[in-house]
Amino acid sequence: MTDQTMTPAGNPQTWTRSRTGWTIFIAACLLAIGNSVLPAGLVRPPEWLVLPFADWINALFVFVRDDLGLLYLTRAFADGVEWLLDVTANLLYGKNRWPRIGPIPWTVIASIGFVIGYALQGWRLSLLTGGTFVWIAVMGQWKWAMETLSVIVVAAPFSILFGLVMGILAWRSKTFERILNPVLNIAQSLPHFAYMIPVVVFIGVGPKAGAIVTIIFSVPPMIRMSLLGLRKVPHEVIESGHMCGSTRWQLLRHVRIPTARTEILVGVNQVIMQCLAMVVLASFIGMPGLGQKLLQLLQALKIGRSVEIGITIVLLAVMLDRCTKAWATKQPEHFEKGTSFAVHNKFLLLGIGLSLACLVLAQFIPLMDQIGRRDAFTISKPIDAVADWFIVLIDPVTQWLRWFLITWVLIPIRDAFLWMPYAAVLALLAAAGWAIGGLRSALVCLGFFGLIAMSGWWDRAMITVYTVVVAVSIAAVMGFPLGIWGSFNEKRASIALLICDTLQTFPSFIYLIPVVMLFGVNDVAVVGAVILFAAVPLVRYTIEGLRQVPETLIEAADMSGATKMQTLWKVRLPMALPTIMVGVNQSVMFSLFMVIIAAFIGTQDLGQEMQRALSSTDVGKGLVLGLAVAFMGLMVDHLVSTWARSKKEALGLE
Amino acid sequence: MKFRKHLMASAAAMAMTAPMAMAEDSSDPIIIPIHNWSSQIVMSHVVGQIFESMGNSVEYVSTDSQAVYESVRLGDVTLELEVWEGAFGKSFNEALAKGGLHDAGDHNAVTREDWWYPAWTKEACPGLPSWEALNDCAAAFATPETGDKGRFLGGPVDWLKHDAERVEALNMNFTVVNAGSASALWAEVAAAEKTKKPVVIFNWTPNFAEAVWPGEFVEFPAWEEGCDKDPAVGPNPDATYDCGNPANGYLKKAAWDGMKDKWPAAYETLTQISFTNPQIAEMAKLVDIDELEPEDAAAEWLEANEDLWKPWTGS
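Protein sequences appear in the order of chains A and B.
To convert, count from 1 in the first sequence and add 714; that's our numbering.
To convert, count from 1 in the second sequence and add 530; that's our numbering.
By construction, these hints were calculated from the structure, which means they are not laboratory data.
A quick note: this is a predicted structure, and the numbers were derived from the prediction, not measured.
Using N, Cα and C, we set each Cβ at its ideal position, and we do this for glycine too.
Mixed in with the good hints, there may be bad ones.
[Said to hold, decoys possible] For lysine-lysine, the following BS3-like pairs were computed, each having C-alpha atoms within a straight-line distance of at most 25 Å:
1. LYS759(B) - LYS620(B)
2. LYS724(B) - LYS652(B)
3. LYS759(B) - LYS628(B)
4. LYS1095(A) - LYS724(B)
5. LYS946(A) - LYS1039(A)
6. LYS1095(A) - LYS726(B)
[Stated by the list, open to error] Computed beta-carbon distance windows for the label pairs:
7. LYS726(B) - TRP1122(A): 23 to 31 Å
8. GLY755(A) - LYS652(B): 51 to 59 Å
9. ASP780(A) - SER557(B): 28 to 36 Å
10. VAL852(A) - GLU798(B): 42 to 50 Å
Pulled out of the complex, with its shape left as it was, chain B reads as follows (with noise of 0.2 Å):
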């Protein structure tokens, strides 16, 4: 399209690309990163268009989900969109006590990840969700790396879900066995369903595949304060980690320091984004099953959404 115009009337092109007023924000590109999961990534264009339409320049760049913190500290990106307590907490907070980034408010939507299970699952046990139910009945998980005990198929190690922690303090019949990534535990859903096997993964929301497979969290006694430090805390007076995770985990925005200073206008906007549950999973559903592309999903998002997200502006 550019190049049309460029041939017609190069100065008129000029214009066209050079941003448009909104005198204090610096014209360099605010840098949003992108991650591999398809909410995120639509919430970055939805976020990124804002910015556009305040006459900010964004660009995209893709990083690993637990390295972007560094990133963000140096000032190599500006802002992250999804910090989620229970899988980013730590590396935040590593982040944070460094210095470089601080956090930009929470949105709305509240964050739960633990095992899970599709909803097919509960023909073979049906006294799901509760944990003791499905501890019972763990020889229907079982499979032949795992013996007589049920197998449970957690995150990548790296996301430290201490699952392993768990199935010993509860005394529970399970071996858990890591996968390597995401796709790999959506792999083993898809294969399940289409033998409707009982399978249960660790799963988080909001995500995607609450969309296209239904089902339920695990009932694990209650998270507490202090229940993966302090034995006490929690039915197993000896152990630690005898609890679910938060049910209601945080999830933030994290920007840059210097992001202040530089695009105050867009700084602004950023402190009063928040998203809801619903409106996360919507934008997921509009790339992952209406398989738009991302930029578009973010596009027709604002469109319908534009009560929302226009007083975030300030205009």
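Chain A extracted, bound-state conformation (with noise of 0.2 Å):
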């Protein structure tokens, strides 16, 4: 890196560095300003300069696909897990397969849950877990949720093996990590969607797909924190295994894998909570459950009911990741020998019985077994009830704002999005990169969005930038005030930490449907529902930056007589800002990945064409489409994070 080269205090490569980045800016400033006198191959890229890459990527695939034969493989493979899907598809919610003994009855599930809480963390966690089961059962949503777990039950433990796996093969050879990481940065930014199509191809629709898709999405993370788990194992541990003469095998098995059991264990909790945020997309190839209901129920305009299933999967992910974490923080207990069996295993023992209980009771008791939509409760109509008095409302406002938004405001940014010549918005890319990382950083963002340029997306990319520059902004004007109230004291910081959770596993299909009912079918909507995910990391990341200040830096302030304003924007903002950046970098991928969804609203950038690539399978589109929006991902991500690291490191921070 180039960082080993700076000094802190008035170094002269920063100065060169910032003025040729404002001397590259110019030279930016005069290619827009010639807009109208340019030749017209540096206004929009030529056409020799545009490459067929999607037919590129369809040739590779359909080689890939018939000459080599991997069809054969992949579908072979996709059977090996529609057997095990069968499996608990017919435990869980009696699917006519082997074994045939499902479903299990509502209650047998819902006494596990009670007694898995309990044993983690005690009544609390009990009363969530439980709790969310009899919620389900109570809202007739049981065999749907039992169809989503089904998938979910074979995905998640499949992406931890997985994903552990990889893990430690990164972390035994260099070269295999070199290779992994893009491959991981690129899979992490890369829409959804795109990564579907092949998978229709490779493997087909059903259950399966849903399965395959989740365990690639929710995979990376986890590789990522077993490779940090295991790095992370002192010397010493290593040392005192080597001295009790352990094997390769047993040093990995019993002294590696334990000490870094915390990581991995939030590898796990990461992996369970992209299994979920997974769950309606995944239904667009044929997942079953919660999500494909979701879709229905949305397309009938059942705003009621679909916030009725937002509700289970919020309440899943919450009881997952809190399970998860318990688990995680929870020391591994240990016993005095002659310690009877039952004490050991209470909560082994305590589970079955309560199991053994309610599965004979729900040989009685119809209710205990099964709970059908008739017999189940609804809140969908207060819900349907308040939204439609909000919208009726606020019509006024929106009225207003829709018209003032679009005449004002976004109109005319997309116009000047579309005005400016590619070329400038090249050579103003590599001005910033220049500034922040000089010609490295400048390189790296020529070369992201020079392939875009060359996908042929040009345009299309530009109304994607335009509605993430707007939404981002708008967020950060909203997320950022919200933040610093937050990060005041600890109650608010948790509540806003709430909402921002909640925010964040609501499935995002939810809130196209009111959007579009407030604005209408254009960019305020599609602006609208992008800014609710952009301000979550910004208000989630302030927060942790202002509550992470050092007390001592805030006390000597408060020692100097500084006020309230003055610590907050001379010391704390300051200090938290390298953090704050890291949510304004999370904001923008997040903005991206609801920019693609929010195509089934009616936009005109790049997901729209997503779409219709999903639905024509073409391989090749769809992921030519899927690396434009990554790169933009991945080039803010480099900056931010180049940005972030020369800061920190002036500030002492590293």
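Could you fit the two chains together into a complex? Lean on the hints.
Here it is, written out as structure tokens:
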């Protein structure tokens, strides 16, 4: 890295760097001003520059699929996954497959939930775990929730195992890590729809495709966390392992992995959260259950009932999150020698006992076995009524807002983005790159956006960029003050973070409908939906950044007689800025994902084309579009992390 | 339920779940695709339950309504019950050309997809349903993003509806805005209903929306064969698409080529199945208005219409 050459203060190189940045910036401005006299080849990518990437990718896919016969391999693998799915499907909701003993009565699963929660942390958690299952059953969503879970209980362990193995391999071999890293970066910034298309080609549709898409989506954080955990194992621990004469396998199995336990369990937690995030999206390629039902209900405009499903998904996410976190922080219990089996395994026995009791009871009381839709409760009517009331109430405001934003903000900004010659945009990005990280960053920026220009989707990409820029800016205006407000005391922080968590796990599709009802099908609705998502990481990281400022610094400021405002502006915010920028980075990522989903409202950007590619199963086009979006995210990520690193060094935080 | 049976006598449970006779049909499940609109889902369950009553086992899988033809072709799913001429004719014909699936007969129902407005719109534009009248009151449909022009909310671009071409060919004072999904269309109508704002959107029949919001299709110059290819056809001699969509498109069933041999009895039934527009609307209504689950709605519909479907099963 160039950072080693930097010295903290008054360093001449940074000065030159920013001057070069400014020079390129002026060049970019000149290019923009001269728009009308520029040769056409600088305004929009000339035809010879646009390469048929999609055709190449498609040719490669056809070769791999048919000539190399990969299709047989993937289909065979998918059949294996399908067999497992059939087993869980039979147990959980009684699909007619081997072993043909399901469905397990809901009371049995709920009581197991209670016991697991209690064993992990005590009463509060047991109320959450058991209560979630009771809610699902009482709301008549049991079958759909079990359909969803039947896929997740196969996908999540697979992801965890696969992620762990990849993490170990990457930790053992530097070369492997070097190959894996860019793959993971792209995988994590590629919009979901882009890799759903190849999955449809290689795996087909149905629960198995849903499971595999979920695995692909959830594995990267697991790999990263296992690698991180294994790296952090202290040398002393390994040495003591060596001294006991462990073999390499024993060392890994009994020393390294247990020591890296906390990181690995955080990875497990991430896997589960990602699995739940995919519930709705995976239903586009045939994952059954809650997601599919949600889309059907939205299609018929049943907001109240889709909100009920949204609540279930949030509850499941919160429950699994709390359980894995409790598991991660719970240290293994040790019993004295000679403790009886019953004490040792009291929770296991309690679980078995309760399940058996429920099982027997379910034979006599049908409601303890299954609750059908007819017997179930619903809260959809009041939700619909509240939604209606709200929409009518704020209609005058939204009408005005719609008119104002469209005429005075969105259309002008959008036209400006589309008016810019592509050469000027590239120069502008190079200038930003150079100012932040020198030649290397400038080249990175040019490389990413140059490829977008060469993909032939420049105009659409600019519309995506415009939506993200507007949404993140508005989200920042709302999110920063909220984050600052939330950072002042523990109670506010926990409220704000709870709202963030809920917004993040609540299925994004549900927002799309009320937003359309408020603003109609137009850019205001799209930006509005994206803002909700973009604001979450901004609030979260602002709170975290501000709360992490060392107490001593704030005390020092207090002692020098700084007012609360002064402490905030002169001490806390500058110190928290690197963390806040990570939030900005995340916010851009979230927005990019959401912009693609907002194609369901109606956009004219990359997302719309991606939707088209999905319905015509055009692998090449889908991947090219997906990569274009990924490159935008990766470029922002590069710039922000480079900037944050140098800033942190300057602040002496690292 | 089966759990209990298993506990009591597992052998009995096995017998319960094993498909009953109907010798020649394979015991593998018939895979029926379901999409994201209610009439198709209920119809799929209706047909699925008919197959089940014949002793077949049936499974449902949710798929994209365009990509499904590729799956039928490969045999990943066995059939498709709603092939709309306007919306899916192209995908169907492409798959047909590649081979692997075939036409399993038309429903009695006809489909129509075109510009449509909810009843309250007529107050703002009394001359409707004529398209000239619509064009004259374009200003009533103007929005900030379309300026002075009226706004027509079309379906997603991948439905390939050529609305923009029609606007140009008929020299209409409208701008086409494409919604990204059917839900977005309904959300617009539902929002417009609250303030009785005039809107004109893309809609189709049979559809649940007719039961929720009464309305009419806009009458464009009638469709003539070749209107989409030959500029001479239609009122504008220099442009294609200067006409409405066909007012009586087909609604077909498609089947995987292998179905005939694997499930001959079920295939025979499939070719005979034919629903009418009111029947399809009734199925949609059971779910969309009466809030039944698709499975229950199908069971209820079958119970009420035994005379209709029993003969199809050949019993």
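Tested hints:
1. Proximity of LYS759(B) to LYS620(B) is assessed by CA-CA distance (about 15 Å); at most 25 Å being required, the pair is judged to hold.
2. Among the hinted pairs, LYS724(B) with LYS652(B) is consistent with the structure: their alpha-carbon atoms are about 16 Å apart, no more than 25 Å.
3. For the suggested pair LYS759(B) and LYS628(B), the alpha carbons sit about 24 Å apart, so the restraint of at most 25 Å is met.
4. Our distance criterion of 25 Å between C-alpha atoms is met by LYS1095(A) and LYS724(B), whose separation comes to about 17 Å.
5. Straight-line distance between C-alpha atoms of LYS946(A) and LYS1039(A) comes to about 20 Å, which keeps the hinted pair within the 25 Å bound.
6. Taking the CA atoms of LYS1095(A) and LYS726(B), the gap is near 22 Å; set against the 25 Å cutoff, the hint holds.
7. Evaluation of the 23 to 31 Å hint for LYS726(B) and TRP1122(A) yields a pass: the beta carbon distance comes to about 28 Å.
8. Checked against the given bound of 51 to 59 Å, the beta carbons of GLY755(A) and LYS652(B), roughly 53 Å apart, stay inside it.
9. Look at ASP780(A) against SER557(B): about 32 Å separates their beta carbons, and that is inside 28 to 36 Å.
10. Remark: the range hint 42 to 50 Å for VAL852(A) to GLU798(B) is upheld by a beta-carbon distance near 44 Å.
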